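K.L.:
Could you slot chain A onto chain L? The hints should help.
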Amino acid sequence: MSEFEAQLPSSTVTYFFREAVRRIWVSKRSSFVAVVMIAISMLIVGFFLLISENLGRAVEMAQGRSRVDVYLAVDATQTQIAAIDRWLASQPDFARRRFVSRDEALRRFVSYFANLQGIITQLDGNPFPASFEVDVAPNTMQSPAFLREAKALRGISGVDDVQFDWEWVRRLKRVVNIVNIAGIIAGVVLALAAAFTIANVIRLTMMLYREEIDIMRLVGATERIIRGPFLVEGFLQGAAGALLAVMMLFVSFEIARRAIAPANSLAWSFLFNGFLPWQKLGALVLCGMLAGTLGSWMSVRESGEEAV
Amino acid sequence: MIHFYHVTKRFDAYSTALHDVTFHIEKGEFVFLTGPSGAGKSTLLKLILRQMVPTEGQIVVNGRNLNAMKRKHLPYFRREIGMVFQEFKLIERMTIFENLSFILTVIGLTAKEHKKKAYTALRAVGLQHKMNYYPLQLSGGEQQRVAIARALINDPLMLIADEPTGNLDPDLAQEVLEIFNAANLRGSTVLVATHDRDLIERSNRRVIALDHGRMGEEKAAATGKTIARNDSIFVNWS
Chain L
1 MSEFEAQLPS
11 STVTYFFREA
21 VRRIWVSKRS
31 SFVAVVMIAI
41 SMLIVGFFLL
51 ISENLGRAVE
61 MAQGRSRVDV
71 YLAVDATQTQ
81 IAAIDRWLAS
91 QPDFARRRFV
101 SRDEALRRFV
111 SYFANLQGII
121 TQLDGNPFPA
131 SFEVDVAPNT
141 MQSPAFLREA
151 KALRGISGVD
161 DVQFDWEWVR
171 RLKRVVNIVN
181 IAGIIAGVVL
191 ALAAAFTIAN
201 VIRLTMMLYR
211 EEIDIMRLVG
221 ATERIIRGPF
231 LVEGFLQGAA
241 GALLAVMMLF
251 VSFEIARRAI
261 APANSLAWSF
271 LFNGFLPWQK
281 LGALVLCGML
291 AGTLGSWMSV
301 RESGEEAV
Chain A
1 MIHFYHVTKR
11 FDAYSTALHD
21 VTFHIEKGEF
31 VFLTGPSGAG
41 KSTLLKLILR
51 QMVPTEGQIV
61 VNGRNLNAMK
71 RKHLPYFRRE
81 IGMVFQEFKL
91 IERMTIFENL
101 SFILTVIGLT
111 AKEHKKKAYT
121 ALRAVGLQHK
131 MNYYPLQLSG
141 GEQQRVAIAR
151 ALINDPLMLI
161 ADEPTGNLDP
171 DLAQEVLEIF
181 NAANLRGSTV
191 LVATHDRDLI
201 ERSNRRVIAL
211 DHGRMGEEKA
221 AATGKTIARN
231 DSIFVNWS
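These protein sequences, in sequence, are chains L and A. Counting from 1, position 288 in the first sequence corresponds to residue 288 in my numbering; the numbering is continuous, with no gaps. Counting from 1, position 122 in the second sequence corresponds to residue 122 in my numbering; the numbering is continuous, with no gaps.
Where hints are given, some of them may not hold.
Unchecked claim - Only pairs whose alpha carbons sit at most 35 angstroms apart, straight line, appear in this in silico DSBU-like list of lysine-lysine:
| hint | chain 1 | residue 1 | chain 2 | residue 2 |
| --- | --- | --- | --- | --- |
| 1 | L | K28 | A | K89 |
| 2 | A | K115 | A | K89 |
| 3 | A | K115 | L | K28 |
| 4 | A | K70 | A | K130 |
| 5 | A | K130 | L | K28 |
| 6 | A | K112 | A | K70 |
Unchecked claim - Simulated restraints, written as ranges between beta carbons of each label pair:
| hint | chain 1 | residue 1 | chain 2 | residue 2 | range |
| --- | --- | --- | --- | --- | --- |
| 7 | A | A111 | L | Q279 | 36 to 42 angstroms |
| 8 | A | R71 | L | S252 | 48 to 54 angstroms |
| 9 | A | K116 | L | E211 | 24 to 30 angstroms |
Said to hold, decoys possible - Taking beta-carbon pairs under 10 angstroms as the criterion, some of the chain A residues facing chain L (in silico):
| hint | residue |
| --- | --- |
| 10 | F102 |
| 11 | A111 |
| 12 | A151 |
| 13 | D155 |
For the record, the hints were derived by calculation from the structure and aren't laboratory data. Keep in mind that this is a model prediction, so the values were computed, not measured. We put the CB at the ideal spot given by N, CA and C, even for glycine.
Isolated chain A (complex conformation):
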């Protein structure tokens, strides 16, 4: 589903965000992307979303080579991805319902379908009773759940989340993880970027670690066994 082949992303001669990163995420997998701040997690997610292109290497997502993708095809590609942003990226002037319904307008669904889908998505995150609230009337955790509902509203092939539990207490973080698990069970490939060690350990999923833009460790799901290791990189888990 997501394939990185020797991907390097340089912003200038002195700033390399990712260096020779290679990994593969298969369809239906649930993978954590971890590493300390500045490791290159957000850059990697931006590359998957094709907000930027790699300086070197190739990225193939859902069978499409992102390096060669035409700009006019980009919106349709992004519709296959449900993205949960660290800073939520909700539209403040719209109600919660409108924030979700807007995605469906973009896709071209009818108003009747909007109501049904938006309600279902909000119920999945337990916020159906707040559909007429504005984002700023909600707590950080609630806004995060709305962002998740928005990402899931169109049953995406891939769910990608950037620090989705960064603003949540442990209980809410667990709730969010359960929502991701449910999406994964429904068939979505899930990639969660986080530095929340507890969350990773509780979920017992495959882990890809980055440090200073380089691949650190890959740990297999269930066994926790290291399946790949770059010995030149020390990943500080503590």
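Next comes chain L alone, as it looks inside the complex:
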């Protein structure tokens, strides 16, 4: 540490906050615009986060229930069935399985589709193949190894077909990714726009205090002391805007959940499953604070470059 450098005393930090609050109060209108701008930006980001969060939950639930059906050839022998069973048992991803005999498959069909029972009686025999129903661990379907295992399974003698009906889950997951990317892009763009708004507000405030800043420099105030209250001002505006956004998001979510989505509907489970977790809410508020601080930093940096 050089002879000139010193720690920032706590009284200085208090001064930063006191001055920042006072300046916000003095420039109420422009501060209000900055807070609203941050709030709108964070609200839109929060909206994307909320959709992504609920779609993500839907994906997780679907993944948790994923199942693979291994249909056996109608003429599969007991030896082949036993071999297939052993193969399934040896694969960790296929370990939880249930054998469905041809008779049981027929019984299920009849119980599910009682009105089609006449068609079945007209057939010569039981048209349904035996199968193994395999429960797949969540997230397993994403792995390339699993796809290789499924391909290998299709090649085993006695296996007619392997079906896994989670293509829609993949599509949903793709939608979640798109929403996430759109949210990130929108978030960055809007946060920057909000930061520029705050930068302009702080620039105006600095013009208002130009003479005072000149005096501060002449009596030996460091740039840190001069910039501190402006940085805190941006930080507080960002925090206020983000908190306002969280409140508006929560109120909008609750109103929409009650007004739009009746219980147990598809929309309910997809979009109104739950509000954002506190970690994401915290991240949203942090994002607002960062945008505010970034905005004020842009302004004070310009001012510092001009100073002598």
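P.N.:
Just chain A now, kept in the frame of chain L:
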């Protein structure tokens, strides 16, 4: 303490504020800087405060070469100087106490120390009873005294004043001079820029005269003897 070596300050090709100025002020001295309006007094003070840098020459203040001083060191350097500005430069939205206390915040003193130091500084200029007034509620003379109190609050190594008596009647001017004398006795080096001839003559201190940006005369303290003279410059004292 303050050393100017062949200092020239040009603003553009047609405007030279100071031309080849050389002088030395030692630690503990009390010096008047004088000359008619436009002589370059304010430019010289700005150069000492490093509000601007010379076009040519070197300035060394308290052992630091101002030409080479990094910007980050500037605030700490300025804290060693108590500056009294001609136009007071008080912050209008702050009370007198806050104007003084603010300097201590800048330096990093605690709130308790603020009260003690601010009160002592205001008492030194006889304005302790007006510490809760705002600058615009005070007369010009009182504002000048507040500016002096602010300059003295941190016991500066150097006290530099730009026309500190310009707005004061002779009695108040004498009071201000006494405050400067007291600061000088406490060890501060004092440089007062003024064109108040009476003040200079009454105080019997060393004088540096400028005219049209050039060194005119230097008169020694006590004897009043000219110790340096640029014969090409005519300093009009009347």
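K.L.:
Confirm or reject each hint.
P.N.:
Results of checking the hints against the structure:
1. L:K28 - A:K89: Answer holds: K28 of chain L to K89 of chain A is near 26 angstroms, not above 35 angstroms.
2. A:K115 - A:K89: Given pair K115 of chain A, K89 of chain A holds - Cα atoms ~21 angstroms apart, limit 35 angstroms.
3. A:K115 - L:K28: holds, 31 angstroms
4. A:K70 - A:K130: Outside the cut-off at roughly 39 angstroms; violated.
5. A:K130 - L:K28: holds, 31 angstroms
6. A:K112 - A:K70: Satisfied, since the Cα-Cα distance of roughly 33 angstroms is no more than 35 angstroms.
7. A:A111 - L:Q279: 36 to 42 angstroms: Cβ of A111 of chain A to Cβ of Q279 of chain L: about 39 angstroms, so the range 36 to 42 angstroms holds.
8. A:R71 - L:S252: 48 to 54 angstroms: Between R71 of chain A and S252 of chain L, where Cβ atoms are some 49 angstroms apart, the hint holds.
9. A:K116 - L:E211: 24 to 30 angstroms: Given range 24 to 30 angstroms: holds, Cβ gap about 28 angstroms.
10. F102: Given a least distance of 8 angstroms, the restraint on F102 of chain A holds.
11. A111: holds, 6 angstroms
12. A151: holds, 9 angstroms
13. D155: violated, 14 angstroms
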